[in-house]
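Trainee: Protein sequence lines, in the order shown, are assigned to chains U and R.
Following this note's numbering, the numbering of the first sequence begins with 1499 at its first residue and continues without gaps.
Following this note's numbering, the numbering of the second sequence begins with 274 at its first residue and continues without gaps.
Treat the hints with caution; some may be incorrect.
Label pairs and their calculated CB-CB ranges [as the list claims (entries may be wrong)]:
hint : chain 1 : residue 1 : chain 2 : residue 2 : range
1    : R       : Trp434    : U       : Trp1692   : 30 to 40 Å
2    : U       : Val1602   : R       : Arg523    : 29 to 39 Å
3    : U       : Leu1713   : R       : Arg308    : 31 to 41 Å
4    : R       : Lys419    : U       : Trp1692   : 22 to 32 Å
5    : R       : Leu367    : U       : Leu1613   : 46 to 56 Å
6    : U       : Ser1716   : R       : Ile314    : 40 to 50 Å
7    : R       : Asp435    : U       : Val1581   : 40 to 50 Å
8    : U       : Glu1679   : R       : Arg321    : 24 to 34 Å
9    : U       : Ser1601   : R       : Arg523    : 48 to 58 Å
For the record, the hints were derived by calculation from the structure and aren't laboratory data.
It should be emphasised that the depicted structure is a prediction, and the values quoted were computed from it without experimental measurement.
Glycine residues also receive a C-beta, built at the ideal position from the N, C-alpha and C atoms.
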Amino acid sequence: MNRTSVRVFLSRAAGGYMFLATMLALMLLLVIASGLFVKAYPILKQSSLWSLLTGAVWAPIRGFFGFLPFISGTLWVTGIAIVLALPVSLLTGIYLSEYAPSSVRKIAFSALDILSGIPPVVYGAWGVLVVVPFIAEWVAPYFVEYSSGYSVLSAGIVLGIMIIPLLVSLFGEVFSTVPKEIRDSALSLGATSWQTTKKVVLKSSLPGIFAATVLAISRALGETIAVLMVCGNVVQIPASLLDAGYPLPALIANNYGEMASLPGYEAALMLAALILLGIVIVFNTLSRILLLRIGRKYALQP
Amino acid sequence: MIATSLSSVLLREEVSAPLELLHAPNMDAATLKVRNLNVHIGEQSILRDVHVHIPSHKITCIIGPSGCGKSTLLKTFNRLLETQPGARITGELLLNGENIYREGVEVIDVRKRMGLLSQRPCPLPMSVYENIAFGCRLHGTRGRRKVMRKVVHYLQATGLWDEVRDRLHTPASRLSIGQQQRLCLARGLAVEPEIILADEATSALDPISSRIIEDLFLRLRQQYTIIMVTHTLSQAVRIADHVIFMYLGRVVEEGPASEVLHHPKHKLTQEYLSGSFS
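So here's chain R without its partners, still in its complex pose (with noise of 0.2 Å):
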């Protein structure tokens, strides 16, 4: 474990340039903090009493076992979790100071402030200019020079200009499937948010494709807060700044990286790292 976190730094040090922007980053932004928060769904209880504050300009990095309610708790930020039948939450969860789930708050202003990034890549049945041009338009930028800087602009942010520009309006699922998941966090750059959000986001992916993402994310850091759940503890290791260990619906632990990965305090956290159950 040791031998890999000395690679993942010696990795951040390469990678570590900021990518520039389009929009004026928010250098102060966006901090997530989770209060006495519950979820049901259903009968069932998934998530209970979950308190864990989001430092910004980290990576977060949500593990645990699985059916622990990592991905629900990822899935409660954006507030993508109400779409699901049966689903009760309660709670607070305040994003820069203001509580998402205050009534008057409109949903689709919070999403706009938070990409995705899904397990499986999923492009929008449309090409892969309108992938990008949709969400973009979705927020009010009009005219075709404008989209089409922002289009560019995000495909170059996530390396993938060079490989689609003939391509442009073919349909995005022709693309290999690392391309798509990178396509979907190009897409998920322009309505630019303050948090990315990613739910295994490397998981459906070749080693390769992983490590094109995990690098995007390092790079990202400068500019937005990244959360993102993992099933691969190496992954963690690799990139996370912050992490936060579940088990059962509960946050066990919470920490920086250095702190929780390497000198775990509580006993289920040390089971786990040290791979008794997984």
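So that you can see chain U by itself, here it is in the shape it has in the complex (with noise of 0.2 Å):
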């Protein structure tokens, strides 16, 4: 072989091996879906999957599982945290890019850093020992004659604190790609610093913020370990901020250990944890096709 040969052939070998390692990752998707529904397969040959989805009752021992407590305890715990964190990570982010001196905001940057790299643990401990008796003291007796303050609204207050550094960094890095001549072609035509943020820096990052929110919003469903000590693991559809809940992570991470000794268990439990990727996939795909339409209305490269 010539020299040119071994050079084509190595390059086509190169892009070949890396094809390859793509489609792997690709699959991993599949394997883990696959593996996840032959495992639940029993439950759902017993019971059609609506009635499963939308059953609201959970008696294992009797044979009965519902998921809909679980699902709504994960949709609202999620839904409370992307509330809260997403208005302050928004501000965070904008006045960390726009407005503050490089001094603060390398500092304000690398705590962030630090703070996203926090173990989960350590927030759900410190959601016990601080959040979930400020709501039990101060937030809920204006509402309700009793809570332990172990509720949606505690572990959603947590839950909303763990993502706000992920969010900002995430929001920092979506505006540093808007170019500064644009920012200067609004300044230069007499617009403050805010006009500008507002009508351009946000405008132009529109669809970048959505794809950060949504990637937060992919974590928090997922989160299971700091939720799963505030949120009160009561079995119950949750009618308000003050209601304990029980989400998917929570209810698998607790169960997991005892589920053999049950005819059902293991297959609902596998069947929880389906769902759970089921809801993060739908979510991803709607969002990626919202994302689309953004683009397009304002011909903007997401």
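Taking the hints as your guide, dock the two standalone chains into a single complex.
Mentor: Dropping the structure here:
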């Protein structure tokens, strides 16, 4: 073989290898999903998926497996977390990238990196020590007769605090991709910093903000340990912020060890994992479609 | 060079009909005097002891080799340079006799008085219409009809109206590069400035679009003071009335175009014009 053909061969081989690696990574989703499906199959055989998803009764001893309390618990906690974290993170991100002097920016971003490195169990412990008593003593008495403080609100607060560092650094990243020239042209029209931020920076980073939020929500959906420490773990459909809840990840983590004893229990827990996976996939797909729409509307490159 | 300057004289005659303006043109407007201006970015000295006088209703071209501080000087005029981290600016910049770096001067008022055209066209992330309406609204034009009148007017002034009248509400990024640059000019004019700053505004454009912008400048000179950084000598020859030659952060020579471009006094200017360096 001459030199050229060796080089061409190596280039092709490298390309092929990388393609294989990519396929393997993509296959992983399929492998995980099908593994869960096989394990969850026994319970799916007994009752329809619809009745499982919408059933509100959870009584494994009697063979009732209704997942609605857990699904709604997950949605409540994640919803509260994102509603609390999004405005704070957005304003922090704007402040750090548009207003703060560069020294402040550097310190703040490294502090945020440390925050996102704190293990979830520490956030959970802090939630038990601070957030739960705060809710029980200072918030709940205004609304209900009694609340232990272990509630979807507490879980949402803890989870919200956990995703703030992630959101802020993602937003910082997004804003830094807005070209300086665009800011300059708004400023040279006589716009103030705030007008520039609002009409130009935020607008051109809309797809990025959206994508960052989706990523944070996906992370929040699966957060387990910190949430289960403060959410109360009561099987019910939460009717208010101060009710206890029982999200899907907590269900799996709390019961995984003892599942062998009851018929159908293992399959039910595997189905819980499959449902969680499904929620994340559906959510990501929907937001991807929405993102394309936004991009097309404003002719921005997402 | 003489041939180009002749054709530019002819061109000037053809296009010198002034544009009609919505706002009353300030006929003795906008002279700019720079006194003892020094700019540092971090530890580096970018501009040293700059003194220039920019006459009104003229096209002033700032020329010089890359990195000589042309664009920096331009950005001190509308105080955009101070948004750059680490920039220190000392000295005086008198806009009609008033120092715009004096304490208590509101930056946004200064910027409103000068429209900036950047090197690459930089439309805001909105529709063609909104690009112009944005500036109008910033400075207090209210009401759909009033805004629309201005938008149409400035699109006509920059010769864009016939090209974009059906596409007013499509994103500005869909226009061609040349159209985008004219849109940026229209957007700048719509805030009714006294001075137009152009930072190599034609360097990203094709020859025909560049010529359209140059022609616009020649017409706009009747109402505005135009200051333009250019890297293309032939462009300066075509349109400059007044020329500032800079080298390594200093102003080497300044004066009417006929003198600086055709009878330069300074040796550096002569060398630059003859193409010894660029």
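Trainee: Please list, smallest to largest, the hint numbers that this structure does not respect.
Mentor: Structure breaks hints 3, 9.
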